[in-house]
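Asks: Here are the chains, one letter per residue:
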Amino acid sequence: GAVVSQHPSRVICKSGTSVKIECRSLDFQATTMFWYRQFPKQSLMLMATSNEGSKATYEQGVEKDKFLINHASLTLSTLTVTSAHPEDSSFYICSAREDEQFFGPGTRLTVL
Amino acid sequence: SQQGEEDPQALSIQEGENATMNCSYKTSINNLQWYRQNSGRGLVHLILIRSNEREKHSGRLRVTLDTSKKSSSLLITASRAADTASYFCATFSMDTGRRALTFGSGTRLQVQP
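These protein sequences, in sequence, are chains A and B.
The numbering used here puts the first residue of the first sequence at 1, with every later residue one more than the last.
The numbering used here puts the first residue of the second sequence at 1, with every later residue one more than the last.
Hints listed in this document are in silico derivations from the structure and should not be mistaken for laboratory results.
Remember, it's a predicted structure, so these values are computed and weren't measured experimentally.
Just to be clear, a hint being listed does not mean it is correct.
To be verified - When the alpha-carbon atoms are kept at most 27 Å apart in a straight line, the in silico DSSO-like pairs for lysine-lysine are as follows:
#, chain 1, residue 1, chain 2, residue 2
1, B, 69, B, 26
2, B, 70, A, 41
3, A, 41, A, 14
4, B, 26, A, 41
Could you build the full structure based on these sequences and the hints that come with them?
Replies: And the structure:
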């Protein structure tokens, strides 16, 4: 099956810093990628849809200025958590393709 | 986004027993998928069932879909300790114009050796 990678797999940072997470489709081109967030013991919630060459579409309640998404190529989308705070600590997962989505392994963000 | 509901929220069984998890959803769908997630890890795709299918098998997994009731079930037969994980259903619907998957709340399965 198609492979999606994420980097880094784990990051710990101080409050107020910005963190960039990369999502790559390794063996296919993805015009659309999706970013999800998962808090402990909860399900995945869609944050935004990343569109190659255009602006991302954010879900209600997700601050676009805080979670910057860039989809500059057909194989790479990045999510930048700006001025991260402890409440942003979560598991961030990206996926690509549509009806059958392939998920990255996730990035665990811990903000101290 | 509106999530589907899964029940039970948690399930504990003995190795060798069957485990059944149920998922209900709200909108019409094109397909429904089941995923497994080990604690703190990424998602593993288990099976996809399309809206015109009623039942699908893959190894020890059996998935049913009842679009009239907007529900699906996942049966794991002859469970093993390694099946311990959280299981999520996720729906895909073109009608909503929302191309991402909508996930259910998940079932935490514990298989006792």
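Asks: Evaluate each hint against the coordinates.
Replies: Hints, verified against the model:
1. B:69 x B:26: 10 Å, holds
2. B:70 x A:41: At roughly 25 Å apart (the allowed maximum being 27 Å), residue 41 of chain A and residue 70 of chain B satisfy the hint.
3. A:41 x A:14: Holds, at roughly 24 Å.
4. B:26 x A:41: 22 Å, holds
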